[in-house]
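Chemist: Below, each chain spelled out in residue letters.
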Amino acid sequence: MRRLRPAGSVAELPTVTFGHRSLMWWGTLGFMTIEGWTTALLVACYFYLRQNFVSWPPLRTPLPSLLIPSINLAVMLISIVPAYLVERAGKRLEALPMRRWLVVSSLFGIAILVLRWYELWSLNIRWDTNAYGTAAWTLVGFHATLLVLDVADTIGLTLFLFIKRMPPKTFSDAADNSFYWYFTVCLWIPLYLIVYVGPRIF
Amino acid sequence: MHSFFHPTSPQAHVVTTLWWWMFGVGGAVWLIVVIAMLYAARARRGERGDDGLLHVSESTHHAMERTVIGAGVVTVVILLAFLAYDFSVGEALAQHPDRALTIELTGHQWWWEATYENPDPSKRITTANEIHVPVGRPVQIKLRSADVIHSFWVPNLNGKRDLIPGYVSSQWFTADTAGMYRGQCAEFCGLQHAKMALYIIAEPAAKFDAWLAASATTAPLPTDSATRFGEQVFLTASCAVCHSIAGTPAMATVGPNLTHIASRRTIAAGTLANNRANLTGWIVDPQAFKPGTLMPKSTLQPAELQALIAYLETLK
Amino acid sequence: MTAPDANLPADVTLTDAAIAEEAATLDAVWRDAPGFWGWLTSVDHKSIGKRYLITAFLMFLAGGIEAAMMRAQLARPENAFLGPDRYNQIFTTHGTTMMFLFAVPVMNAMGLYFVPLMVGARNVAFPRLNAFGYWCYLVGVVFLYVSLFVNMGPDTGWTAYVPLSGPQFAPGHRVDVWAQLVTFTEIAALAAAVNIIVTTFKMRAPGMSLNRIPIFVWAQLVVSFMIVFAMPAVATGSTIMLAADRAVDTQWFNPAEGGDSLLWQHVFWFFGHPEVYIIFLPALGLITPIIETFSRRRVFGYSALVLANITTAFFAFGLWVHHMFATPIPELGQSLFTAASTLIAIPTGVQIFCWLVTMWSGRPRFTTAMLFVLGFFFTFVIGGITGVMLASVGFDQQAHDTFFVVAHFHYVLLGGAVLPLMAAFYFWYPKVTGRLLSERLGKWHFWLFVIGVNVTFFPMHILGLEGMPRRVYTYLEPTGWGSLNLLASLGAVVIAISVVIFVVNLVKSYWVGDVAGPDPWSSSGLEWATSSPAPSYNFLHTPIVGSRHPLWEPIADAPVLVGLRTDRREVLLTTTFDARPDSRNHHPNPSIWPLYVALCMGVTFIGSIFSPYFILGGIGLAFIGLAAWAWQSSHPAGHELIAAPEAEPV
Chain A
597 MRRLRPAGSV AELPTVTFGH RSLMWWGTLG FMTIEGWTTA LLVACYFYLR
647 QNFVSWPPLR TPLPSLLIPS INLAVMLISI VPAYLVERAG KRLEALPMRR
697 WLVVSSLFGI AILVLRWYEL WSLNIRWDTN AYGTAAWTLV GFHATLLVLD
747 VADTIGLTLF LFIKRMPPKT FSDAADNSFY WYFTVCLWIP LYLIVYVGPR
797 IF
Chain B
2 MHSFFHPTSP QAHVVTTLWW WMFGVGGAVW LIVVIAMLYA ARARRGERGD
52 DGLLHVSEST HHAMERTVIG AGVVTVVILL AFLAYDFSVG EALAQHPDRA
102 LTIELTGHQW WWEATYENPD PSKRITTANE IHVPVGRPVQ IKLRSADVIH
152 SFWVPNLNGK RDLIPGYVSS QWFTADTAGM YRGQCAEFCG LQHAKMALYI
202 IAEPAAKFDA WLAASATTAP LPTDSATRFG EQVFLTASCA VCHSIAGTPA
252 MATVGPNLTH IASRRTIAAG TLANNRANLT GWIVDPQAFK PGTLMPKSTL
302 QPAELQALIA YLETLK
Chain C
16 MTAPDANLPA DVTLTDAAIA EEAATLDAVW RDAPGFWGWL TSVDHKSIGK
66 RYLITAFLMF LAGGIEAAMM RAQLARPENA FLGPDRYNQI FTTHGTTMMF
116 LFAVPVMNAM GLYFVPLMVG ARNVAFPRLN AFGYWCYLVG VVFLYVSLFV
166 NMGPDTGWTA YVPLSGPQFA PGHRVDVWAQ LVTFTEIAAL AAAVNIIVTT
216 FKMRAPGMSL NRIPIFVWAQ LVVSFMIVFA MPAVATGSTI MLAADRAVDT
266 QWFNPAEGGD SLLWQHVFWF FGHPEVYIIF LPALGLITPI IETFSRRRVF
316 GYSALVLANI TTAFFAFGLW VHHMFATPIP ELGQSLFTAA STLIAIPTGV
366 QIFCWLVTMW SGRPRFTTAM LFVLGFFFTF VIGGITGVML ASVGFDQQAH
416 DTFFVVAHFH YVLLGGAVLP LMAAFYFWYP KVTGRLLSER LGKWHFWLFV
466 IGVNVTFFPM HILGLEGMPR RVYTYLEPTG WGSLNLLASL GAVVIAISVV
516 IFVVNLVKSY WVGDVAGPDP WSSSGLEWAT SSPAPSYNFL HTPIVGSRHP
566 LWEPIADAPV LVGLRTDRRE VLLTTTFDAR PDSRNHHPNP SIWPLYVALC
616 MGVTFIGSIF SPYFILGGIG LAFIGLAAWA WQSSHPAGHE LIAAPEAEPV
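Protein chains in written order, with our numbering: chain A, 597 to 798; chain B, 2 to 317; chain C, 16 to 665.
Keep in mind that a hint or two might mislead.
Stated by the list, open to error - Now the in silico label distances, taken between C-beta atoms and shown as ranges:
| id | chain 1 | residue 1 | chain 2 | residue 2 | range |
| --- | --- | --- | --- | --- | --- |
| 1 | B | 25 | C | 530 | 13 to 21 Å |
| 2 | A | 718 | B | 237 | 52 to 60 Å |
| 3 | A | 644 | B | 169 | 16 to 24 Å |
| 4 | B | 103 | C | 92 | 33 to 41 Å |
| 5 | A | 644 | B | 292 | 51 to 59 Å |
| 6 | B | 169 | A | 663 | 41 to 49 Å |
| 7 | C | 515 | B | 138 | 29 to 37 Å |
| 8 | B | 138 | C | 92 | 40 to 48 Å |
To be verified - Now the stretches of chain A that chain C is said to cover, found in silico as 3 or more residues with beta-carbon under 8 Å:
| id | segment |
| --- | --- |
| 9 | 645-653 |
| 10 | 674-684 |
| 11 | 771-783 |
To be verified - Cβ-to-Cβ under 7 Å is the rule here; a few derived chain A residues that face chain C:
| id | residue |
| --- | --- |
| 12 | 598 |
| 13 | 599 |
| 14 | 611 |
| 15 | 622 |
| 16 | 629 |
| 17 | 633 |
| 18 | 634 |
| 19 | 730 |
| 20 | 756 |
Hints listed in this document are in silico derivations from the structure and should not be mistaken for laboratory results.
We put the beta carbon where it would ideally sit given N, CA and C, even for glycine.
Turn these sequences into a full structure, and let the hints guide you.
Modeler: Here it is, written out as structure tokens:
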């Protein structure tokens, strides 16, 4: 083996970074890619099954209601604001504002989950009635699992911030949490259109 | 009997011819690669450098570039040629006449139900596991499944088509030579997938017409006491719960239609030759031949069994 | 990055004493905890990689035993060794084991073990995720085999087509076992893929720009992306669709309610075709360094090889319908897939041409590893050619679901993946264990294996074209298939003997093999720049790389970057394209939480077969573990903490 010759030092490099410079960001991106792609596959299955029906929803199946889903969509879109404020505070290394907005985010998250529960039951069809019911429940239900993970992560992070001491990388983790929040909300927009608006138009 | 290498229809011929071309060219390609590999393995080129590695001259490097590019180009040309050939074979297979003898085949676990449609209901034929077709006339097989996915495959006559619940698919072929062609279910369908064979018997038009006419008849009435008793056994024991015999009250469609069972060459979807010993053994305990089959063991007394067999043997 | 520390004299190599002291300090920080607890809590990629390799190899042996049983049954017509029910469980388990529990995990394992070493990193990007992936995989292994032994083994093929695998025709829990097994292996593969992608992007040695990474690392990177886009399809199909149809009456596949049996095939094969390239491409990646090393030449056509890899990966996602040519798919669609399935041979061909000219321009030395590479050319090309044949719709409709296809895919899997893998074992075993495998036993292994594979599988081409379908537990005597089947079964005996020799070699050499030293083959990759086996911290200091073949650079000494902390686990992160030093990252200490969460996932998914309450319970327990995992991230030992928000001025 050759002898080792020091040619430089990395000791002054930072230990906390944001965005694509941080490993956790990449991990989050990886998770989002997997879940987003899974969603795309489920959407493809939804449209594949649609070919088997003359009308959609099928005859004698009512349309899904619009009220609760639309309220939930609005709440989700608004929830981007506190998530953004968490990210901004995190990048500025401001712990107190970051914690404050995380609390707000957590509350929004809980509201969204409660609304999502009612949303499932306002699809006006059961998952086992026909393939349409199965597909609609799956799109809404699968996205609900992403919401559950997102909200659990947010609440967990918030609780950590009430404990005495935290490591600096928590700022970066909070920013990544917001990143995932934007993804989860944005992913919902096309799903909302497919499940609730699509059958009314086509 | 069931070999792809003995095509007996234009559909099978065109594919077998393609195969021989692919085999020839493919075999040659493989041989060339192996020879090139052995040559490369034995070659001693390159000068050893100070770094312990071998180095080649600029011109040798260019020769290597040309070789790789050249081989790549040859590969592309061969593949494109075969692609064109594949498409032309596909075109040929997709051709089908407007008029053809139509046979509806329904796959069951683990037997084949065949119906020859006819606008005249008295000429409709339902049979099982053995299909007759006329030589030289186009045949259309319409494929459905009653339960799981099966696949209809008679190698001498054509490639396979799947029978998929919820779908009706079709395949056309024209037998050009008389003969008995064996096929076997080619999509794993459960416990007795291995023993779900069928026979297609291609015969000259006259013989086929005769068969068709004979098959359209109802079962002959029993003529002696033994066969009368046998018919009674059939109708009152559990046989009639699943099987039908045209001309009798037995009309169930769970199992194969037995109206002309005695004229079939095999029983149990090609598993056993159709003779008295096998028929008896099959009825007594189907599970011994096809474990898992849906036909239960029989509870008949020996006298009943004998009479039943005598009756079935009259169903030509 | 700063200039060398003032205390370090510039341009002077480190003394042995300095190195020894550093090594001891680093080892104290990076090594596993002692004893069994240490084994359970390890987050060292080498420790986890070794487990993966051993477990996957045991699965290869298990799958082989299943194959032997199948060949014993099929050696004669109407044989009574295995009845249909047992045979169906055995062939299903054989396929499921080989595809899900051997082939993909072993390639993941090679990546997880070697990629960090090849790129100059101390560990993978997410060490606990790595451990978690392995434990999930192990849960899957145990689950499948316990089920098989209690007569609850899945029995509808590794492809589990509906409706046969649906609630109506497959009552009981056998198919549920299959569906949940897929979930575990999918989680493990995705965890491995994310780890390999992020490690390759962010943790390379300075100077190792993307166009300088080893070909094997390229293969792992490309395949990891394939895993990310392919695995979700099979998980969706098996868990969200099939398991749901069976457990809670969803109607995905029920035609009576608008469902569709073909939907299963599309979803499964959208995963299934890329799956075989996920297995095959890393094997191709293993070949380049072996040919380079033994031909004493840098490989010809690095860029072509990389591009071929990437092209194959893309094409692989456009082939899946060729598994469905016998179904009522529109002809135009079939033609597109014929074209793609034919043209995908081109990039693989290019790779073969590059390797052949590399060998030609060098003086190849035929160690066992190189023999296996030759075996690969000889065997795989046959499988590749039959693959191009099967791309033709007309021919495929004859050969599909027959022993011709069985022959084809065994030729490409054994020839194209297992032979290179065996070559790789002979090449890298010294790096993992510090000892060389016996060349004498290796040659016996090689010849018997290659002969055995060809004797077993070549006759199957003929059997298929003579009318023999696949997945049959027996066949009738008048079919005439008996003699070729017997020949194939005898070939299987030869394979078995060669594998026994291989196992003997692996075990014996561990104890009495020649000591290897850091670089027994005078190879070029960074993994050979450290001891064999590598120390817990992989590299004493971060190597600086100046070319694609670091150890073949004509320099006198090895430039390194110093400055990573030695009082806690710290790794260097570099920029994605050019690998310039960018930041330092605190890596986790050993942890029990990955195992705990994996067990909770086990409870959740296995329990779901029996009752939905297990899902809630399992997830609840998992959340506790995840919270502890996150807590451990937040409060690692030796990490400075800042005061909580309250203490900060507003």
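Chemist: Against each hint, give a clear statement of whether it holds in the structure.
Modeler: To see whether the hints hold, each was checked on the structure:
At about 52 Å, the CB distance of residue 25 (chain B) to residue 530 (chain C) disagrees with the hint of 13 to 21 Å. Under the hint 52 to 60 Å, the C-beta atoms of residue 718 (chain A) and residue 237 (chain B), about 57 Å apart, fit the expected range. Separated by about 19 Å at the C-beta atoms, residue 644 (chain A) and residue 169 (chain B) satisfy the suggested range of 16 to 24 Å. Between residue 103 (chain B) and residue 92 (chain C) the CB atoms are about 36 Å apart, so this pair conforms to the stated range of 33 to 41 Å.
Under the hint 51 to 59 Å, the C-beta atoms of residue 644 (chain A) and residue 292 (chain B), about 38 Å apart, miss the expected range. In this structure, residue 169 (chain B) and residue 663 (chain A) meet the distance hint of 41 to 49 Å, their C-beta atoms being roughly 43 Å apart. For residue 515 (chain C) paired with residue 138 (chain B), a C-beta distance near 58 Å fails the hint of 29 to 37 Å. With their beta carbons about 35 Å apart, residue 138 (chain B) and residue 92 (chain C) fall outside the hinted range of 40 to 48 Å.
Counting residues of the segment 645-653 of chain A whose C-beta sits closer than 8 Å to any C-beta of chain C gives 3, which meets the bar of three, so the coverage hint holds. Only residues whose C-beta sits within less than 8 Å of a C-beta in chain C count toward coverage, and the segment 674-684 of chain A has 0 of them, not enough to reach three; the restraint is violated. Residue count for the segment 771-783 of chain A with a Cβ under 8 Å from a Cβ of chain C: 0. That is fewer than the three needed, and the coverage hint is violated. Below 7 Å, beta-carbon pairs count as interface contacts, and residue 598 (chain A) has one with chain C at about 4 Å; its hint therefore holds.
A cut of 7 Å between beta carbons decides the hint on residue 599 (chain A): the least distance to chain C is about 4 Å, and the hint holds. With its C-beta approaching chain C no nearer than about 5 Å, residue 611 (chain A) sits inside the 7 Å limit, and its interface hint holds. This hint holds: residue 622 (chain A) has a C-beta 4 Å from the nearest C-beta of chain C, less than the 7 Å allowed. With a cut of 7 Å, the hint placing residue 629 (chain A) at the interface with chain C holds, because the nearest CB-to-CB distance is about 6 Å.
A distance limit of 7 Å between C-beta atoms decides the matter here; for residue 633 (chain A) the minimum to chain C is near 5 Å, and the interface restraint holds. Residue-level restraint check for residue 634 (chain A) holds (minimum Cβ-Cβ distance to chain C is 4 Å; threshold 7 Å). Interface restraint check for residue 730 (chain A): the shortest CB-CB distance to chain C comes to about 4 Å, inside 7 Å, so the restraint holds. A distance limit of 7 Å between C-beta atoms decides the matter here; for residue 756 (chain A) the minimum to chain C is near 6 Å, and the interface restraint holds.
Consistency note: the structure conflicts with the earlier hints numbered 1, 5, 7, 8, 10, 11.
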